[in-house]
Amino acid sequence: MLYILMNKNWPLCKISIDTEEHFLIEKILDVYADKKFFPIGVDIIAGRPQKKSLAKWWASRAIPGSRIGGNSFEHRYRINLAALPFKNYGLSLSDQYWIKPVDETVQWQDINFFANEFSLDLGMALFDRSYTSANLDYMSPDSTSDGMLPKKWIRDMKTQQTFLLKAGSGPFEQEPFNEVIASKIFELLNVVPYVKYQIIHENDRYLCSCANFITVDTEFITANSMLSTKSVLTTPHKNNYDFFLQCCDAYNIPRAKETFDVMLAVDYILCNYDRHFGNFGFIRNLNNLAEIRPAPIFDTGSCLWHKATLNEIGRNFEARSFCSMQDENARLITHFDLLDLSKLIDIDDLIKNELQKNINLPERRIDLIAAAAKEQLRKLQNIKDGK
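Just so you know, the numbering used here puts 376 at position 174 of the sequence shown, and the rest follows in order with no gaps.
No lab work stands behind these hints, which were simulated from the structure alone.
Watch out, some of these pointers could steer you wrong.
Here are the simulated PhoX-like pairs of lysine-lysine, each with C-alpha atoms no more than 25 Å apart in a straight line [said to hold, decoys possible]: (1) K576 / K545; (2) K554 / K581; (3) K386 / K545; (4) K459 / K509; (5) K586 / K559; (6) K302 / K254; (7) K254 / K432; (8) K386 / K554; (9) K581 / K386; (10) K237 / K254; (11) K258 / K386; (12) K459 / K586; (13) K216 / K229; (14) K581 / K459; (15) K253 / K459; (16) K216 / K237; (17) K237 / K302; (18) K237 / K258; (19) K210 / K237; (20) K238 / K302; (21) K238 / K398; (22) K229 / K289; (23) K302 / K289; (24) K258 / K398.
Generate coordinates for the entire structure from the input sequences, incorporating the hints supplied.
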């Protein structure tokens, strides 16, 4: 099927997509726009986007196969998760890209989810296995939400602000509380933008809620997309972090090292094992297509040994970002001048106070987690002091 890939009202290129079996971009036909209008990280050679690169970007918009409850949803509604973006024009609440069927006259201002209502049907069906609907309304930003954990978008009808609700996993459902703890730590440090989370209780389930930090005039760019703007083979670099920062420098991004140093520090203290190149990045201003700044830090929930056995609490797990181990990541930090770690002296009490609100967590487990985080703080202070 033929579509026009759009960025707001700007047509980018005509593409052929397999919408029946593989749900992939098959061909790039006519090109209508300059490189600056395309997603950052998509390879543009001689003015043309490269199919492999654009197809990879498009595939990243679909709900991953690892989504908890995804298999159940596919079975109940007899649809592939990768097919969902074709039922909502590929619209998202993380950017302004969409696909317009060549035989339709639909306009972005009439369908985008920032300015128009969206269905809650799909979010409920993905979130709750007991939820059924004979005529599921797929016109929802939940068709293009990333990540493994169950999540759904809602809108506050009074303020029109959109919020992302995200659940936890396993018997402890600890991740939502971890998000709150992380945001409170960033608040105490008070040096970089961060996303604020709060706990809500819905249908005997703990969720965390956060406001969308993307607006109708901006887009989120993942670190992974930024890493795709240079060749790691032809760019001299000391380590993966240095290569990433060189990519940032090419776009004149302010305070990149400062922001991500603080992120790495908090990840180390909380032993966040799931910081990867898809859950941190940048915000681009679409009015000038040039101004790019670090996005607020978010998605720190996979931390504090939430899946660990009691004997494993306190151990450093592997990392998924710049280095393979937590200690190695911490030693990449140079802006320790921004980190007044004395502000976190009561981190164990903060963690206990928040985790005790979760009735699924035994007191013994909470105590061990709080003590382990306090030890991580001590170890980071030693790294800061050069010990």
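Status of each hint after checking the structure:
1. K576 / K545: 12 Å, holds
2. K554 / K581: 20 Å, holds
3. K386 / K545: This hinted pair holds, its Cα atoms lying about 11 Å apart.
4. K459 / K509: 30 Å, violated
5. K586 / K559: Distance of about 33 Å is beyond 25 Å: violated.
6. K302 / K254: This hinted pair holds, its Cα atoms lying about 20 Å apart.
7. K254 / K432: Holds. K254 to K432 sits at ~16 Å (cutoff 25 Å).
8. K386 / K554: Roughly 13 Å between the alpha carbons, so the hint for K386 and K554 holds.
9. K581 / K386: 20 Å, holds
10. K237 / K254: Within the cut-off at roughly 16 Å; holds.
11. K258 / K386: 35 Å, violated
12. K459 / K586: 16 Å, holds
13. K216 / K229: 9 Å, holds
14. K581 / K459: 21 Å, holds
15. K253 / K459: Given that 25 Å is the threshold and the Cα spacing comes to 32 Å, the pair is violated.
16. K216 / K237: 15 Å, holds
17. K237 / K302: Since the Cα atoms of K237 and K302 sit roughly 19 Å apart, the hinted pair holds (cutoff 25 Å).
18. K237 / K258: At roughly 17 Å apart (the allowed maximum being 25 Å), K258 and K237 satisfy the hint.
19. K210 / K237: Holds, at roughly 15 Å.
20. K238 / K302: Within the cut-off at roughly 20 Å; holds.
21. K238 / K398: Status violated; Cα separation ~31 Å.
22. K229 / K289: Distance of about 20 Å is within 25 Å: holds.
23. K302 / K289: 11 Å, holds
24. K258 / K398: Roughly 31 Å between the alpha carbons, so the hint for K258 and K398 is violated.
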